[in-house]
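Please construct the entire structure, taking both the sequences and the accompanying hints into account.
One-letter residues, chain by chain:
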Amino acid sequence: EDQVTQSPEALRLQEGESSSLNCSYTVSGLRGLFWYRQDPGKGPEFLFTLYSAGEEKEKERLKATLTKKESFLHITAPKPEDSATYLCAVRTGNQFYFGTGTSLTVIP
Amino acid sequence: GAGVSQSPSNKVTEKGKDVELRCDPISGHTALYWYRQSLGQGLEFLIYFQGNSAPDKSGLPSDRFSAERTGGSVSTLTIQRTQQEDSAVYLCASSAGRGRTGELFFGEGSRLTVL
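Protein chains in written order, with this note's numbering: chain L, 1 to 108; chain G, 1001 to 1115.
FYI, nobody ran anything at the bench for these hints, they're computed from the structure. Beta carbons are placed, not taken as given, at the ideal position from N, Cα and C, and that holds for glycine. Treat the hints with care, as some may be off.
What the hints assert, rightly or not - Chain L stretches covered by chain G per the calculated footprint, using a threshold of three residues with CB under 8 Å from any CB of chain G:
hint, region
1, 13 to 21
2, 36 to 46
3, 85 to 96
This is the structure we're talking about:
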């Protein structure tokens, strides 16, 4: 069965304290792994797509990596404005399977 | 418009009433998805449209739910005889369709509250 598991469910960091969010998946025929950011009351905002093991993508303080079984979203020196829920999704065929997200709070 | 547009942003209705939620996808996007997001839950797939193909309705939770897409663009999700458990945020997303770059672009959602 295709599924996506994100950990931790919630994470509190001090401003400047780097950490990583995990997304583990089991899916047949991976056609892409996606990271999204969701702010309260808003729709998910696209961040990255990764297609193959070993691939990495970076954007500002965020870096996404992919292995055959999991993806990490590394946050370097986070700021309070990075506080949000981060969602991971995998695509197989035309279906997307989403994890339940990691709620990140960055304390000034 | 530049992004996916959904309306209404908020809808409060009484149990048993019908509701319609509208989605206007990004121009040129052939694929359109509806998801439901409940508090503390992941995104639950409802239905998928791709061009003129028959929609994938496998995620619709009951026959009270239906959706259509007119002219390959605007989509309407209809919930008949609403129940309290239908309360959730309904998210619409579009993508360029088949091919490598399959990322979804979401609207802001329609928050439905059934009293």
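Each hint tested on the structure:
1. Restraint check on the region 13 to 21 of chain L versus chain G: 0 residues with Cβ-Cβ distances below 8 Å, three needed, restraint violated.
2. With 7 residues having a Cβ less than 8 Å from any Cβ of chain G, the region 36 to 46 of chain L passes the three-residue criterion, so the hint holds.
3. Coverage of a stretch by a chain is defined here by at least three residues with a beta carbon nearer than 8 Å to that chain's beta carbons; for the region 85 to 96 of chain L and chain G the count is 6, and the condition holds.
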